[in-house]
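Colleague: Chains as they are written, first to last, in our numbering: chain A, 1 to 490; chain B, 1 to 384.
The set of hints was computed from the structure by calculation and includes no laboratory data.
Among these hints, one or two may not hold up.
[Claimed, not checked] Taking lysine to aspartate or glutamate pairs in the EDC-like style, the calculated list, with each CA pair at most 16 angstroms apart, reads:
{"id": "1", "chain 1": "B", "residue 1": "Lys130", "chain 2": "B", "residue 2": "Glu173"}
{"id": "2", "chain 1": "A", "residue 1": "Lys184", "chain 2": "B", "residue 2": "Asp343"}
{"id": "3", "chain 1": "A", "residue 1": "Lys13", "chain 2": "B", "residue 2": "Asp58"}
{"id": "4", "chain 1": "B", "residue 1": "Lys130", "chain 2": "A", "residue 2": "Asp153"}
{"id": "5", "chain 1": "A", "residue 1": "Lys184", "chain 2": "B", "residue 2": "Asp278"}
{"id": "6", "chain 1": "B", "residue 1": "Lys81", "chain 2": "A", "residue 2": "Glu36"}
{"id": "7", "chain 1": "B", "residue 1": "Lys82", "chain 2": "A", "residue 2": "Glu36"}
{"id": "8", "chain 1": "A", "residue 1": "Lys61", "chain 2": "B", "residue 2": "Asp301"}
{"id": "9", "chain 1": "A", "residue 1": "Lys100", "chain 2": "A", "residue 2": "Glu247"}
{"id": "10", "chain 1": "B", "residue 1": "Lys81", "chain 2": "A", "residue 2": "Glu32"}
[Said to hold, decoys possible] Partial list, derived from the structure: chain A residues whose beta carbon lies under 8 angstroms from chain B:
{"id": "11", "residue": "Asp16"}
{"id": "12", "residue": "Gly34"}
{"id": "13", "residue": "Asp35"}
{"id": "14", "residue": "Ile37"}
{"id": "15", "residue": "Cys53"}
{"id": "16", "residue": "Asn151"}
{"id": "17", "residue": "Ala176"}
{"id": "18", "residue": "Gln180"}
Bear in mind the structure is a predicted one, so any value in this text is a computation, not a measurement.
We put the CB at the ideal spot given by N, CA and C, even for glycine.
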Amino acid sequence: MTYRHFQEVICLKVIDSHCPGCSILCGVQIIEDGDEIDIDFKKYCPINSGKLCKYGVDLPKIYGNALDFSSIEGNEVDYEVAITKISNLLKKWYSSSGGKEGIVLCCGDATNEELLAIEDLSSYFGMKCASGIGNILNVVGSIPFIHDIKNFDIVEGFEQIVLINIDPYYQYPLVARKLQNAKKRGKRIISIGPEGSHIERLAEEVIICSPANVHDCFKRHISENTEDFTLYITSMGIYSDPALIAEINNACVNTKSRAFFLKDYANTQASLILGFNSYKYGIEEIIDHIEEGRINAMVLIESPLFDTYLDSSRFRKACEKLKALVVMQSTMPRDLPNNAFLLPLPAFYKRRGALVNACGRLIELNGSSNGIIDVFNDMKKVLGHKDKLDFEKYVSKATGAYDKWISSFNDYEVVKVPDTKYSKEGPVHYYVVNPFLVRGMDHQLPKRTSGGLYQKASDKERYVIKQNIADGVVLAYQRDEKYKKLLSEY
Amino acid sequence: MMSDCYWGWSNRQDIRERGESGGFVSSLIESLVGKYDRVITIQKTGTVFEGNVVDVSDPSDVKSIQGALHSLCISMSAYIKKGIRTAIVLKPCDARAVIENMKRNHVKRDEVLLIGLNCGGTLPSVDTMKMIDIEFDLQPDEVVKEEISKGNLIFFTKEEKFSKSIDELEEQEYGRRESCRYCDFKIPSVCDMACGNWGTPSGKNITFIEVFSEQGRDALDNAVSEGFVSIKEPSEKLAEIRSKIDKTMKKLARKWKGKVIDPLMELSPENRLDYIKDALSPCIGCYACRKACPVCNCSSDCKCMQMDPDDNFPIPQYHAVRLLHLMESCVGCGNCTDVCPVDIPLARLHQLFSRTYEDRTGYRSGMSVDDIPPLSRGDLPEGY
Numbered sequence: 001m002t003y004r005h006f007q008e009v010i011c012l013k014v015i016d017s018h019c020p021g022c023s024i025l026c027g028v029q030i031i032e033d034g035d036e037i038d039i040d041f042k043k044y045c046p047i048n049s050g051k052l053c054k055y056g057v058d059l060p061k062i063y064g065n066a067l068d069f070s071s072i073e074g075n076e077v078d079y080e081v082a083i084t085k086i087s088n089l090l091k092k093w094y095s096s097s098g099g100k101e102g103i104v105l106c107c108g109d110a111t112n113e114e115l116l117a118i119e120d121l122s123s124y125f126g127m128k129c130a131s132g133i134g135n136i137l138n139v140v141g142s143i144p145f146i147h148d149i150k151n152f153d154i155v156e157g158f159e160q161i162v163l164i165n166i167d168p169y170y171q172y173p174l175v176a177r178k179l180q181n182a183k184k185r186g187k188r189i190i191s192i193g194p195e196g197s198h199i200e201r202l203a204e205e206v207i208i209c210s211p212a213n214v215h216d217c218f219k220r221h222i223s224e225n226t227e228d229f230t231l232y233i234t235s236m237g238i239y240s241d242p243a244l245i246a247e248i249n250n251a252c253v254n255t256k257s258r259a260f261f262l263k264d265y266a267n268t269q270a271s272l273i274l275g276f277n278s279y280k281y282g283i284e285e286i287i288d289h290i291e292e293g294r295i296n297a298m299v300l301i302e303s304p305l306f307d308t309y310l311d312s313s314r315f316r317k318a319c320e321k322l323k324a325l326v327v328m329q330s331t332m333p334r335d336l337p338n339n340a341f342l343l344p345l346p347a348f349y350k351r352r353g354a355l356v357n358a359c360g361r362l363i364e365l366n367g368s369s370n371g372i373i374d375v376f377n378d379m380k381k382v383l384g385h386k387d388k389l390d391f392e393k394y395v396s397k398a399t400g401a402y403d404k405w406i407s408s409f410n411d412y413e414v415v416k417v418p419d420t421k422y423s424k425e426g427p428v429h430y431y432v433v434n435p436f437l438v439r440g441m442d443h444q445l446p447k448r449t450s451g452g453l454y455q456k457a458s459d460k461e462r463y464v465i466k467q468n469i470a471d472g473v474v475l476a477y478q479r480d481e482k483y484k485k486l487l488s489e490y
Numbered sequence: 001m002m003s004d005c006y007w008g009w010s011n012r013q014d015i016r017e018r019g020e021s022g023g024f025v026s027s028l029i030e031s032l033v034g035k036y037d038r039v040i041t042i043q044k045t046g047t048v049f050e051g052n053v054v055d056v057s058d059p060s061d062v063k064s065i066q067g068a069l070h071s072l073c074i075s076m077s078a079y080i081k082k083g084i085r086t087a088i089v090l091k092p093c094d095a096r097a098v099i100e101n102m103k104r105n106h107v108k109r110d111e112v113l114l115i116g117l118n119c120g121g122t123l124p125s126v127d128t129m130k131m132i133d134i135e136f137d138l139q140p141d142e143v144v145k146e147e148i149s150k151g152n153l154i155f156f157t158k159e160e161k162f163s164k165s166i167d168e169l170e171e172q173e174y175g176r177r178e179s180c181r182y183c184d185f186k187i188p189s190v191c192d193m194a195c196g197n198w199g200t201p202s203g204k205n206i207t208f209i210e211v212f213s214e215q216g217r218d219a220l221d222n223a224v225s226e227g228f229v230s231i232k233e234p235s236e237k238l239a240e241i242r243s244k245i246d247k248t249m250k251k252l253a254r255k256w257k258g259k260v261i262d263p264l265m266e267l268s269p270e271n272r273l274d275y276i277k278d279a280l281s282p283c284i285g286c287y288a289c290r291k292a293c294p295v296c297n298c299s300s301d302c303k304c305m306q307m308d309p310d311d312n313f314p315i316p317q318y319h320a321v322r323l324l325h326l327m328e329s330c331v332g333c334g335n336c337t338d339v340c341p342v343d344i345p346l347a348r349l350h351q352l353f354s355r356t357y358e359d360r361t362g363y364r365s366g367m368s369v370d371d372i373p374p375l376s377r378g379d380l381p382e383g384y
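So here's chain A without its partners, still in its complex pose (with noise of 0.2 angstroms):
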């Protein structure tokens, strides 16, 4: 029986989902009507209480560049053809690899079941998964601290709070909110990093420097400062240090103070708790390798850096070297290599599965779809293989991973505070390590680098710059002479 009149008129539908901007992963609703997508806001989700920074409100425009064909070297495809030829391709490459390597690369835009299964495949196809924070990991390890931050409420809790290079209202809103409730509370908020309007109305004290000084900033300013029940708070991404990170988790050890690392992918936790990285290597790193023929084989999934890495010149011209290339990503590519496989996966909300928040809280992804599992087993039924990767095991097998890693806290202990090229040489970051840059969002947003380096560069310069700035962000490579030289007139 039919109960509506007006069959040409769409059901509408409202899902419970999670917005993939961070690793905040601030709830929202999603709104299907018809091809239209529209969202609305989740008010009683306890992380964001329904609030939204400027990336969860454009997610229509977000979710509306949906990918939605596949292509083979530049031409396009249909999903049967590439799944195909992709699955042959890297057949292909695993039995003639002549001992080079293979990775794939998630940065965390995944499901922790969907982690698992590239888990899978990848050593099926005899690669290595990357997260493209391997250097870090190298460093401190795979617990990637939460003691005690079960919740946002509990920065308010901290005597002292210490942001460094780290400006909340860019880059992480809904923890700006708790920082503001702080200071009510007569918290002592500290920024170090460089300057910004916000963070001076925010922080009792300012310690302005520039992007390369942050680490030696926060050296000396852990050496004067006595309060041992301190929250530092910093962003820990594909552009990080990993001697500054070593050097935070230093600052926590025997005392009562914490480290709070944000995360700009969705599930960058979860790609940690469940050890995904066997590939231990950086994103600065790995550009290396593929340079040097190290790497000869990649698969990006959910990681479309092609558009949004910030030296995406250097990436393209080294993956175009590759002898295969994979890209699967539920987005449209704007600067793919010529010699990319591409496959469109389901948009992140119409994905299952769960996911691990910056505060270590399991959230629930309440899609139908299977996502990258499903099209593994496309790929295995393409080579011949009756079996099938099974959604229901990859979610014991991560419930499993998180209840053991929930429970296993340890005190901090100290670690050694490397001293890699890519400390010196690696790309320096002002600010970097938003949602809104590390997803390409390309509309301008007010700038708010007064008196900044964007404001003393040339004509010529401020072009350049331009095209690495996305809401007061401004990149400079230390490698980069006239980056450099802007960098210490600053």
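Based on the hints, put chain B in the right spot on chain A.
Modeller: Relative to chain A, chain B alone:
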């Protein structure tokens, strides 16, 4: 007058037992499925604090839409689309927003059936869950039902009933959302009908219904004739009590306005400007307030979106334009405050402007499609 008012209840025992106030609204919705393109209401998805909007396409969906959900403050008017015949259950402020949208021709009057719910105020979900833990010593998932009655906030677990005075809770910064406290539009008379439990016999599961339009009457007659609901004339005494409750709620709202809005109205222009500047200073330009606003109707290329919230004007142009535009259309729903990621009290600012405008011109937004704002008519009072 009494001929437009009824007591009503569901004819289905299961809905009567599960539903709030006799399950009248649930069964009315059931009767409307198939008669409208969309039948929109709110459904519970977990505890009484969790839920979302549902387009009821099958009468069996009615099971999930029963019970009071004061902590689910969803802006319903956004779910109405021009060209799609929609029956929708909404709060008074939502209904005012729909009226504003009708004025702008974004909603057609004859395409919608507005089923209003009387509203003494809604609660902020997350803060209420925290309050339950702190003030009631309960876990949110223990609560199976909630109710606001006679100035008390009541939570039911499977075994017990817990009650506290809303006044007392609000003194401790809990209770209703700020915009609800000073809202004085409690019975949604701009709808096709208004439903609620004010004016019903104590201990009886019955809904008091007031019908305001032909469309409302048709919907009610249909639901009765098709056997979904039963109605009867209410007692005059209880109808009077309903009016008294409305008056008392309005009086309380005026008290809150006196506490929250009036002090801002009384500031000197310089101090008021300082207050507004300071309140807006944390703005990060996310435009969530615009997205959540039920009366902001411009498309994504709206002029205010091209303005930098961090410009050099005393009040950023983005906000200045919105404050002026909303002065004659803000319905005081409070959504802008709810969704602001840096906790700017936007609803308070907009109400400061719109209540001042109302005081000086007598015009109130969202009360009638035929009301044209004085600014648009060009006949502002002398000296304005």
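Colleague: Are the Cα positions of lysine 81 (chain B) and glutamate 36 (chain A) separated by 16 angstroms at most?
Modeller: holds, 12 angstroms
Colleague: Hey, lysine 184 (chain A) versus aspartate 278 (chain B), does the alpha-carbon distance stay inside 16 angstroms?
Modeller: holds, 15 angstroms
Colleague: Tell me if the straight-line CA distance from lysine 81 (chain B) to glutamate 32 (chain A) falls inside 16 angstroms.
Modeller: The given pair, whose Cα atoms are some 13 angstroms apart, holds under the 16 angstroms limit.
Colleague: Holds or violated: is there a CB of chain B closer than 8 angstroms to the CB of glycine 34 (chain A)?
Modeller: At about 10 angstroms, which exceeds the 8 angstroms cut-off, the nearest Cβ of chain B leaves the hint on glycine 34 (chain A) violated.
Colleague: Can you confirm whether the C-alpha distance between lysine 130 (chain B) and aspartate 153 (chain A) stays at or below 16 angstroms?
Modeller: holds, 11 angstroms
Colleague: Does alanine 176 (chain A) pass the interface hint, meaning its C-beta sits closer than 8 angstroms to a C-beta of chain B?
Modeller: holds, 6 angstroms
Colleague: Within 16 angstroms, alpha carbon to alpha carbon, are lysine 82 (chain B) and glutamate 36 (chain A)?
Modeller: Roughly 15 angstroms between the alpha carbons, so the hint for lysine 82 (chain B) and glutamate 36 (chain A) holds.
Colleague: Was the hint right that asparagine 151 (chain A) lines chain B, CB cutoff 8 angstroms?
Modeller: Not OK, violated: asparagine 151 (chain A) not within 8 angstroms of chain B, min 11 angstroms.
Colleague: Check whether the Cα positions of lysine 184 (chain A) and aspartate 343 (chain B) lie no farther apart than 16 angstroms.
Modeller: Given that 16 angstroms is the threshold and the Cα spacing comes to 13 angstroms, the pair holds.
Colleague: Given the proposed pairing of lysine 130 (chain B) with glutamate 173 (chain B), does the C-alpha separation stay at or below 16 angstroms?
Modeller: holds, 12 angstroms
Colleague: Would the pair lysine 100 (chain A) and glutamate 247 (chain A) pass a check requiring their Cα atoms to be no farther apart than 16 angstroms?
Modeller: violated, 34 angstroms
Colleague: Can the restraint linking lysine 13 (chain A) and aspartate 58 (chain B) be considered satisfied, given a maximum Cα separation of 16 angstroms?
Modeller: holds, 13 angstroms
Checked against the numbered hints given earlier, the structure breaks hints 9, 12, 13, 14 and 16 and satisfies all the rest.
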